[in-house]
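*Asks:* Input sequences plus hints: build the corresponding full structure.
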Amino acid sequence: MTETALLEFRSVNTHYGAVHILKDVDLAIYPGEMVCLLGGNASGKSTTLKTLLGMVTPTSGEVLLDGEVVNEKPTSYRVTNGVTMVPENRRLFKRLTVKENLELGAYLRDDREGIEEDLENIYELFPRVKERLSQKAGTLSGGEQQMVAIGRALMSRPRVLLMDEPSMGLAPALVQQNFELIQQIHEEGMAIFMVEQNANMALSIADRGWVLQTGRVVLDDTAEALLANPELRSSYLGES
Amino acid sequence: MMNAPPIQKKLFDQNWKRILFWGSICALTQVFICLVGLPSELNRRILIESTLSLGYLFILWIPLVFGYVVSKMVKLEGIENPKQGAADLLSGALTGLLGSLGLVLLMLGIDNLDMRDPLINWNPKLFRLLTFENSIGFGSLVWIAVGVGLGTVGASLHQMSSQIRKMTAYAIFGLFSFAVLEDVIDDLSEGFRLEWLSDMIYAKKGGMTVTSMIVLAVVLALLPLIVRGKFKNTVERYRSEAKPEDKRRNSIALFSIVAVLVLVLPWFLGGIINELLANVGLFLLLALGLNIVVGLAGLLDLGYVAFFAVGGYTTAVFTSPNSPWFSPETHFGISLLVVVVMATLAGLLIGAPVIRMRGDYLAIVTLGFGEIIRLLFLSDWLKPYLGGSQGITNIPAIDLGPWEVRGADPRSVFYMVLAFCVLAIYVSWRLQASRLGRSWMAIREDESVAEVMGINTVNSKLMAFVVGAVLASFSGAVLAAKVGSVFPKSFEILVSIIILVVVIVGGMGSITGVMVGSLVLIGILGGPRQPGLLQEFQNFKLLIYGALLVFMMLKRPEGLVPTARRTRELHQEEYLQDAWLGDDESEDREEVGEQL
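Top line first, the protein sequences correspond to chains V and X. Numbering of the first sequence is given in my numbering, commencing with residue 30 and proceeding in unit increments. Numbering of the second sequence is given in my numbering, commencing with residue 4 and proceeding in unit increments.
Be a bit skeptical, because a hint or two may be false.
Claimed, not checked - No more than 27 Å apart at the CA atoms, straight line, and that leaves these computed lysine-lysine pairs for BS3-like:
1. X:Lys246 - V:Lys159
2. X:Lys208 - X:Lys544
3. X:Lys233 - X:Lys207
4. X:Lys246 - V:Lys128
5. X:Lys544 - V:Lys128
6. V:Lys123 - X:Lys558
7. X:Lys558 - X:Lys544
No lab work stands behind these hints: they were computed from the structure. Being a predicted model, the structure only gives us computed values, none of them experimental.
*Replies:* If you want it as structure tokens, here you go:
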């Protein structure tokens, strides 16, 4: 592909103190595609996200945003330039109202009209959120919280949405609903980078995927190929 | 027991374990209060002429409260409650009796054993107080009668109709306030030239006269009958029906009335009360600052007194001719500018190293910093510059052209402090709704996610520290000019703790709450070194502060005047969690149904 990647890792290494977390990781997310990162516990998935967002600085290698090296740029720079994360377990500001939560998503923007417009879009996408605007986020049901979390992320007008374990802590029926929602947002042109343990579900909607094992990318392929991969099937999809 | 109709509980069908438990606690509390010395110390303060002193009151409330507690219905779903009746009165009486037995044992103990060495209040004075200067037998009989009586009364509170309960409550609390606020009422009536009124209520030697007490009690008890929720109804009707523009106009009118009152009232008050109000203002200023740091940004700063000290010392150095090293003797206004700069620097200096810590660690490190600053002021090293333990004296009054603000004229100090408080309230109010305020709240809720939103958490937290520091330093500056001197010992750790208690008791994050908190705590109980309305409590201030803090944390964690948000959150949490589950479940079921 000759297109510039939206976000890219070039042999990124990170350390927490002396502990080597990511080892020569290469990733690339292109505009408008849906990709997923799979891996078990302690494989470095969260660190990958933190490094993409600039909350962890790599010890070597390059993080690129639109082809520009952003290793040293703060999180706010990346958020302004279209990278946003929906945190694991939704992590809303529980004691603030739904409206305040959404507005905090647009913290770095100062175009009032644009913010109003985006709020309207979100109400359209999630009518239920509109009914709960003045309610505290902590009092919503799990499904509603997920909507607010996604809405909050959308408020920064991202081009790529990083999603940390979107299905975690949701009832099985909601997981399905949630993936449909992600797909819907994706169809409107948003690039999505999903970190998941629920490999089956994630791969069924993603274009491509990587498998991370103890900080190293061990598989990098299209979603279909990954789904068919016998090794992956045995270790992640619970089939023998 | 199956679905039996509510039955009258038999007289001796008691939960003996419960009575024994609460009775023993009642006894222990009474003995504890006696040994702490509250009754002996407060016996001098007479509430009702030749009948009741504050000292005795401190023993008497105990059986009343425990009688109330022990007979409280335990409501459990699906279990029928036996009808209230004589059985509950008996349980209250027994609890009171057990409590009195504690006092009897204490009297016997004081008479026969000498324990004055560890317990200084184990003395004849307490003995005389408990036996009413009579024999042990007489004292015991009186206390048992009183304990049983009050325990029964406490228990009977559950059985009164709500109307009577309301009347009793009005009478008791009204009388209590009248008796305790004697000084203020005296002072006020003097200011308004209504001496005859206070002369009528209070006896010459202090305390209310018996007749006035009875008259007042009747009047107060009739009050709820006359009012009968009319006031509440009017307010509610107003809230729901009035037009927004009317509301706006009315609230502006109300605000102006309050403002005029606050401005005019000091002229009708005597020196002592004005002094008190000035102290309340100084601590309100501190509390408003801390409210930004703790209430909004969620940074538990236990070394807040450091900024108070910086304000005081900067003012001292710049205005006092006695400053040992550098003494430009500038005007207060100029020194105030320096104070702002110094406080900002101090905020950044203390903030920068600790800002990356979270929660408990932050609290411990700021605690340390607070002490370090005080010890620096006290040290021999800085003695040539800041006077060491002798401090800096001779700080001049604030010269404001036609007016002068000096400690000897507490009214002027009050107006000065008022100006700063108004500024602080305005700043806090505007900040709450601002982008910065929003970022503080986000950080308080979840720092990592706040970072994900693109908030520069380090800058934001430093700003909270700086704003808090500047407000505290203003308070310190006025304090220095008011007292005329600064000493390291005025800036003890206790100041930080008391301000924190004010913020917590008032309601974290709520400006009104902080105002009420400082008025109640500093005004009535007094600040760390400043006497409050109840000067008798001076020695027991910390005990009461502590007890109040524990009580508030258990029973009303959102504070006296919480923000609407906090109330919802703290009192709805339990059922909301269930509601949440229920909601999810029903949702799932629906969807599962659809899929099937």
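*Asks:* Now, for every hint given, state plainly whether the structure supports it.
*Replies:* Results for each hint:
no.	hint	verdict
1	X:Lys246 - V:Lys159	holds (26 Å)
2	X:Lys208 - X:Lys544	holds (25 Å)
3	X:Lys233 - X:Lys207	violated (38 Å)
4	X:Lys246 - V:Lys128	holds (26 Å)
5	X:Lys544 - V:Lys128	violated (43 Å)
6	V:Lys123 - X:Lys558	holds (22 Å)
7	X:Lys558 - X:Lys544	holds (21 Å)
The structure is inconsistent with the numbered hints 3 and 5, although it conforms to all the rest.
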